[in-house]
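> Protein chains in written order, with UniProt numbering: chain A, 1 to 453; chain B, 1 to 453.
Simulated from the structure, these hints should not be mistaken for lab results.
Only a predicted model underlies this, so the values are computations on that prediction, with no experimental measurement involved.
Honestly, I wouldn't trust all of these hints.
You can't tell identical chains apart in this list, so a pair holds if it fits in one copy or across any two.
Unchecked claim - Okay, derived cross-link-like pairs now, DSBU-like style, lysine-lysine, Cα gap no bigger than 30 Å in a straight line:
id	residue 1	residue 2
1	176	186
2	176	301
3	301	286
4	294	341
Number of protein chains: 2
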Amino acid sequence: MSRRTLKLGAVLLGVGGPGQHRTWLDPEIPADASVDIDWYVARAQEAEAAKFDLVFIVDSQFITPDSPHHYLSRLEPLTLLSALALQTRNIGLVGTATTSYNSPFNLARRFASLDHISRGRAGWNVVTSGDAGTAGNYSRDEHYDYATRYGRALEHVRVAQGLWDSYEPDALPRDKEAGVFLDPTKLHALDHRGEYFSVVGPLNLERSPQAHPVIFQAGDSEEGRDLGAEIADAIFTHAATLEQAQAFRTELRDRAAAKGRDPENVLVMPGIFPIIGETDEEARAKQDAILGSKSFERALKELGRPFGWHDFTVYDLDAPFPDVRDAGERSFRTQANAISKLARDENLSLRQVVERFSQSWSSPFVGSPETVADAIQAWYDAGAFDGINISVNVPSEFALFTDRVLPILRERGVVRREYESSTLRGNLGLPEPENRYAAARAAAPQDEPVLVS
Amino acid sequence: MSRRTLKLGAVLLGVGGPGQHRTWLDPEIPADASVDIDWYVARAQEAEAAKFDLVFIVDSQFITPDSPHHYLSRLEPLTLLSALALQTRNIGLVGTATTSYNSPFNLARRFASLDHISRGRAGWNVVTSGDAGTAGNYSRDEHYDYATRYGRALEHVRVAQGLWDSYEPDALPRDKEAGVFLDPTKLHALDHRGEYFSVVGPLNLERSPQAHPVIFQAGDSEEGRDLGAEIADAIFTHAATLEQAQAFRTELRDRAAAKGRDPENVLVMPGIFPIIGETDEEARAKQDAILGSKSFERALKELGRPFGWHDFTVYDLDAPFPDVRDAGERSFRTQANAISKLARDENLSLRQVVERFSQSWSSPFVGSPETVADAIQAWYDAGAFDGINISVNVPSEFALFTDRVLPILRERGVVRREYESSTLRGNLGLPEPENRYAAARAAAPQDEPVLVS
Ligand SMILES: Cc1cc2nc3c(=O)[nH]c(=O)nc-3n(C[C@H](O)[C@H](O)[C@H](O)COP(=O)(O)O)c2cc1C
Ligand SMILES: Cc1cc2nc3c(=O)[nH]c(=O)nc-3n(C[C@H](O)[C@H](O)[C@H](O)COP(=O)(O)O)c2cc1C
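My request is simple: use the sequences and hints to build the entire structure.
In structure tokens, the structure reads:
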């Protein structure tokens, strides 16, 4: 079977990476890029010109003065993506939205609206909110524990999928001559009563071009991987080493298969941060400059984020890393525990942890265009990922990737030359979900009424 | 003092009116207009060409097979308006959102995002949801009672306004040379703990071009009028007769004044349905044709809506109108009670009520362009309204208004020739809200710290 081409996403102003702290300082980038719609339009159009599958918008709803600069003030993802929809034609529009602090009816409706407006290019990155402080903005004293976070997430997505099926594909004949707008036998109430949500339905919006917007999932814990295997068309994750990435993808595919899904329909797409120079040396020097530009003080503060913005400035830097795992329990627990474990295993001081995590980081994709293309292809061939979400915000650096790296990969048949489809699902090579009621109708004997609306 | 010009809104596919049931049948309108973004773009651009202040999108989140055709399947208002933002330059973008089934943090963020994206043209029509069945889509067995609905609405808007003030106007210096992105003393947590919501803040979005998006309010009960007088920049309402409209506007202004507000800053803008012909007779014939085209059966079903979609088909049509006021208690109570009262006062049968409410309705704005212009001006001069929200969906009929009625009003100085401002607030002649923290800072002695973030 011929494998898909490597899928490409462009993360706009998002998720970490070595240079995030100084993005706003870059002379090429307006200091207020995160609220400047023109800036986003230009980036999306560049990515589309390079035949990217999608732009990706990350999100949060909680800030402290130490939050990453572009997180302090930024546009809400779906409002942003809807504005991009009519400024682009082929590129997918993937927005992050949390199942912890939204109702399924509202989110199902908004993503389906985006899918209509973009003519089939909407995607939803399902998250549970990592920052524990988010709870305080939604009338809660505390963030949900992991079981509840992921329990809600699963039920939330299932309800949304049910709502997206409210209208069968041919439920709205809109026959002006016959005067028939609706076939009421093909409009269905969901009547969902679950652990976290009760939703009667139907959704007041017909089937959108993709039937269901593409579902991404981001969250690496046991619970998160289980959710991804269950509901995701694609997984947004990290990838530190080839071996880790291979293992992650294999595990996700196995989990999906164990749930009766075709693993080919679960794409693993980690975020990557290529650093490209004319030569490998130039690229490595670029990386060193980026890493060196982050102050220790800032790195120390940012270390607090996975631990619920724990304040690490109160500790002795040269004493053993403090045991603050509890602080991460309702935040980014997986990341907090990984940091704590490494510190314990290697007996690191707080200072060493800060250095390890933000100042001696090294991208697996650093080098000349040829080197970076080779590395991407090698990982791809080794089954480390189905696609990559590129986090490069500086336009000239992004251009190095599109103009120097992509042509090499295109020449080798690794990435596409032209869009295959006008929908995101089509470009990702994902099947279109069947309408549950139409499917039941097709399966049932003709004269037996199976549907209750 | 020179009065404002008459303000103009265009309601796209919305709220009742004599012809709504047959809009989808019109050969000029795509049968799926309510989900066709191109259709909305064209209508918004036409309204902008005619120097309208705003387009207005109504909303609901509950349908039955008997819902108005274009309500059965339609785009979510903010997703829709954001797509329009980059296709227009001057026209305001007002979307309906319910305080009953949204969280203030999410709505505040989405409207502020729209305000950034549109460069100052966002408006929020605050409603509490009229259809009692909406509750079932949001994990509730029952819709809130009126006290709760409007209590939540007031607190919700106050929280949103607080969140919009999170960043003082100069809180983000973003000085690349000095390396200063944020002035943390000018970023404020709201720390709201109220009856219905607890919201810590701050909002993760800086002050938008209008500081606060323009607030509309729609809901005519005692509670609704009180809310409007308290929080609204503009009121969306009905206007059946000149006297009613004058009384409503006077009352709203008095209520606003009693709350210490300048009544000049509360614009009353009812929805109106002009029916225009070459001659008065032609226009009246048009109206008769529209009214005559609605079947009694459909009118009988639609009568159920204010009463929580009560099923009136079970009653004897010629018996006295049934007492079903309870059914309207958590829906459109004001409208349900008005219908019930009229039926009692005039001893009407169910059949007569149906006829009165949908088949012998008469617009106060029917006639030749001159007649309609005269009527609008007369009402305006008599203080019946500050502006009007025109509900005319058929493009050729809308063109009759813009091309034949507006030039007369323009000639007389009643409506504008050119936009005065690039923001909706500016065009409506409304002041820009002051940031509460900056105001406190300005009022306080220089050396006394007054702010806690
Ligand atoms: C690659 C990646 C990207 C993420 N992006 C977001 C995001 O944009 N917004 C958000 O609220 N959470 C985001 N999350 C956080 C998850 O929603 C989750 O809350 C967090 O990772 C902790 O869960 P975990 O232990 O399952 O990873 C992301 C997580 C990962 C791994
Ligand atoms: C002119 C007008 C327009 C309205 N538009 C909407 C709307 O678009 N969506 C909605 O949910 N409710 C809408 N409402 C309903 C109100 O939110 C309210 O729930 C309803 O009118 C009952 O409240 P009341 O008795 O105070 O009028 C509208 C009300 C009026 C008077």
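> Look at each hint and say if it fits the structure.
Evaluation of the provided hints:
1. 176 - 186: The answer is within: 18 Å in one copy meets 30 Å, while 58 Å across copies does not.
2. 176 - 301: between (63 Å within a copy, 21 Å between copies)
3. 301 - 286: within (24 Å within a copy, 70 Å between copies)
4. 294 - 341: The answer is within: 24 Å in one copy meets 30 Å, while 72 Å across copies does not.
Taken one by one, the earlier hints all hold for this structure without exception.
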